[in-house]
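Could you put together the complete structure from these sequences and hints?
These protein sequences, in sequence, are chains A, B and C. For the first sequence, this note's numbering gives the first residue as 4, with consecutive numbering after it. For the second sequence, this note's numbering gives the first residue as 907, with consecutive numbering after it. For the third sequence, this note's numbering gives the first residue as 47, with consecutive numbering after it.
If you're looking for bench data, these hints aren't it; they were derived computationally from the structure. There could be a bad hint or two in this list.
[Unchecked claim] To give an idea of the interface, some chain A residues facing chain B are shown, with a C-beta separation under 10 Å as derived from the structure:
| id | residue |
| --- | --- |
| 1 | Ser34 |
| 2 | Ile126 |
| 3 | Gln174 |
[Stated by the list, open to error] With a straight-line cut-off of 25 Å between C-alpha atoms, the simulated SDA-like cross-links for lysine to any residue are:
| id | chain 1 | residue 1 | chain 2 | residue 2 |
| --- | --- | --- | --- | --- |
| 4 | C | Lys404 | B | Thr1379 |
| 5 | A | Lys50 | B | Gln1161 |
| 6 | B | Lys1268 | C | Arg181 |
Glycine included, C-beta positions come from ideal geometry on N, C-alpha and C.
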Amino acid sequence: MSAIPTFPTAEPWSLPSRGRVAMLSLIIGESAIFTIFVVAYIYYIGKSISGPTPQQVLDIPFFNTVCLLSSSVTIWLSERQIERGNIKAFAALWALTMALGIEFIVGTALEWHKLIYVDGLTIHTNLFGTTFYSLVGLHATHVVVGLLMLTVVMIFTLTGHINIRHTERVQVLALYWHFVDAVWVVVFTVVYIVGR
Amino acid sequence: MADQPFPIAGSLDVTPPRVREQMTVGEWLHAWVVTVDHKRLGILYIVYAIFFLLVAGAEALAVRIQLARPDNHFLTADVYDRMFTMHGTTMVFLVGMPILFGFGNYLVPIMIGARDMAFPRLNAFSFWLTAFGGLLLYYSFIGGYGLYGMGNAPDVMWLAYAPLTEKAFSPGHTMDYWALSLILSGFGTLGTAINIIATALSMRCRGMTLFRMPLFVWLMLVTSALTLITITPLTAAQIMLVIDRYLGGHFFDTQAGGSAMIWLHFFWIFGHPEVYVLVLPAFGMANEIIPVFSRKAIFGYPAMAAASIGIAFVSTGVWAHHMFTVGMTSVGNTFFVLSTMVVGIPTGIKIFNWLATLWGGKIQFRPPMLFCLAFLFQFLIAGLTGIMLSVAPWNWQLHNSYFVIAHFHYVLVGAIVFCIFAGIYYWYPKAIGRMLDETLAKWHFWLFLIGFHVTFDTMHFAGFLGMPRSIYTYEADRGWGTLNMIVSIGGFIQAIAVLIFAYNLIHSYFRGRIAGNDPWDAWTLEWSTPSPPPVYNFATDPVVHSRRPLWDLKHPEDPDWKYE
Amino acid sequence: MKGRRRFNAFVAQRIFLCDSVQHQRGRPRALFITPHKSETHNLQQHHRYFDAKQMSSIMRKHDSPSTRPFLWAAFLLVKPALSRAWAQTKHTPPSIFAPASTPAHEIFGLSMFVLAITGGIFVVVGGLLTFAIIRYRSRKDDDASEPPQIYGSVQVELAWTVVPVLIVVVLFLTTARIIFAVQDAPEPKDALDVTVVGHQFWWEFRYPKLGIVTANELHVPVKQATFLHLLSADVMHSFWVPELAGKTDLIPNHPNDMWIAPQRTGLFLGQCAQFCGPEHAKMLLRVYVDTPEQFQAWVKDQQQPAVDDAAVAAGRHLFETQACTNCHAVNGTAAIGTFGPDLTHLATRDTIAAGAVKNTPQDLHEWIKDPAHFKEGVLMPAMQLSDPQIDQLVAYLDTLK
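Structure, rendered in structure tokens:
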């Protein structure tokens, strides 16, 4: 004898959003990847057997950092706008977020250009080069991926496909962006403050 | 609640009768390739894993033939190294993980009364990533040194200790295939783990609270959570290895000040919890099967769930017990001795709870139960040899010896593979609609049991006599010849058993007895739908009131929810 | 058959050594354990090599029609392998249950303690499982009713949580004591220092205080501590001689230390215990524990520069003009290579090729002709010399006493 048990119930029933659960899981996994790279960076501080050293070549990227961190604020503001159904304000803040993210990538590119062509530091040069480009590069890759996803949302917004019903999805994506910013705080501290 | 009218059996079953449409082979293949149905993907995972089980088993047999006699020349050193490296890598990444996630895929949604996974397309994507990873690994046989160097494959052990994996010591591309395939299947696994977590937390049917989920779902949830933080360090370490090999980085380049130690740590931060990633779903299967065939509810459900979380938690802090011989400080060694021994406590709780479930039951010796009972004994022994290995000074002797090989095969085969076989015998009728042949099953069980013990019990003694792992040959004067011959004979007995099993799978697909919805008189939701279940799993959304919804249905006079 | 003999040896040893472990329990940090009298029972007496004669004598002892075919079968299985063993070199096959040196002793004592506890757990839990399975099996005359459903019991579960906790505490404290006793033992002033360098696929031994460099065969004095400083020239290796001590890895950029303090003389076999490449299996290790006199004589001999015998000048010339010198060193000649083993006193060693080949003129000839014949993955190339040239070379190498 068998049947699907379906007797009625009065219990209220609610479940967490699967999008949030999945994004938080992804963030936990990604954190583990970053942890390993950060540990490797810290472990190899001062262990290079040839130059250049971080003290000689690294400048603190204040402007970049301010831009990236403020993009977390703008994306948070844009989340609030879409919650209220205010799509135009949402689009504007979303575009601002993207601009700040792009600035960060451009800034990183300029920094790397200087390191490679002026200071002669490549991934092959020494342990500092290996760990620096890997860690900062891994973070920059995440920013780029984030930017791609922001761009997709932007395109949908401009073509009029985004409305208040997409709040949940936009917020899930914003979670990722906040995570990328939070990682930068760690990377910045380790690379530019502790390691320098 | 008890006076609610219960639905009459079958009245809600609106499944149309199985109509075998006329499909061409191409259409049939296409349907399987583009599927996003969690059940089909689960079966794909399992079939994929069984295929690689046969491949890796053949590799193990080649290894055993080579070692059966001292100074044997069946394989050259190079080929031997490839065989045991591929055996280990395949068994862990292409057999163990896919088969368990395959079960997770198939069972988690249907056990919690959902119609599919949280993200069906991500699910399909993850499977194909994993599958492609496996093919990439095996492509190294052809691509490792180009066509003129056919037959090359990674030859650095599945632990791939740096700096042996660096370009200086492993030229050619076999290591690249190894690293890339593991990165790829690692992302696949990550996707599946996220999916299972989201499914278990967000897709439960009405009334299926966390503490009413079947223990298998609990264990898959814990496993997936553990996977999130263990597969990713491996992926990170592999990325570093690839950076070293392709871009000339120095992470593990000891000539440039890099460290071999850091690979050891990263690998084992993955590697030890990986054992639990594999064994927890196996526990989950035992948790479902043992109660059904003892005809009793699982003893101490909350303790079982808590012990699983405890094991997962502690397992992230024990990795360096694989490194007692690398020269850590005495304080470091002592810490990892303690953390490792602590794992024994939740594990002990589990064994006692299974014992208490058997106690006072009416044990039916059907094939799934036979495998589970053997699992209990073997897991007990594996746990005890694990305690021996956790004793650091003794570990200095036993580490990297055949004792270790015996220990982890006791876990991986004696516990996990036995549970997997039990799981296949138990759920095959659900997935295929036909029972597996019981006579063949008993042959399989007894031969496999005998072969297992002949092989792996003997290996412990080779370890005591100082036989190190991963040697392709040994001198006659070491006195390991007889033991190795016995081990090899056991290996072939196991191989025969596995072939019987494979035959049974195919034979019963066409000739097996029709199973019906609920052949084992079981209690979880998957047995409430037809076998095989329709694409949508349940015609109506189920509602549950206890951990054993079908028990409530079958025993309206004494339902479970009264006691919970 | 062989298994049983070894098992008897285990039991014998276990009794003797348990005594000695008892004996030392009072002073766990001491480097040396005074050997108990009964320990002088030398296990080397247990000869390990069978020939047909011995086999039939064994079989007479166990003469029963049923065991005979089995014994012969087992004998035929192992015989061809054993006949290749070098009967003239006396050594025991390795075993972690036949300790001959202090760290191995302490580990042995601890292991017996752990074995007893885990054995006890196995008997109790395994017994309960067996009982439950037999007692509560379903029977043919059962009615179809379900057994009483029991969902759990907090008291019972607490009880079986506490017991494992207590066992863990005991095991942990015992283990920690031995870890500190072995790892943090101070180096005595008279200890011998040896630097061990692991290479793919051989061992380099340097005695910095004595000015000796040798390979693959380690000589140490009995009843004296030897501290080993472990380095690696390439990949990870692991130094393991079961009778003397547990293993310790040789890791590039990560120097390690271990020590041994052997109590009886003899030849002890070990090998590399960490996969290090294709010839990992033939990276064998021989440790000769000598009497103090033997050791002094050996040291004196090794400290001499290489013998220069005019009779083999042709061979020496060949050696110095071929690529041999790129990798090998012979003290007192132009050969100063360090990639391969130092050959200054090659002729004093029992084996070549890291213990894989017997050091006889014939084998040496074969080895030089084609090293891969013995060790497929060896890094030494075949030098493409003619047979007469190799003969001259072997004649020269044979004088390097």
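Hints, one by one, checked against the model:
1. Ser34: It holds, given that the least Cβ distance between serine 34 of chain A and chain B is near 8 Å, below 10 Å.
2. Ile126: Given a least distance of 5 Å, the restraint on isoleucine 126 of chain A holds.
3. Gln174: violated, 15 Å
4. C:Lys404 - B:Thr1379: holds, 17 Å
5. A:Lys50 - B:Gln1161: Within the cut-off at roughly 12 Å; holds.
6. B:Lys1268 - C:Arg181: Holds. Lysine 1268 of chain B to arginine 181 of chain C sits at ~9 Å (cutoff 25 Å).
Comparing the model with each earlier hint shows a violation of hint 3 alone; every other hint is respected.
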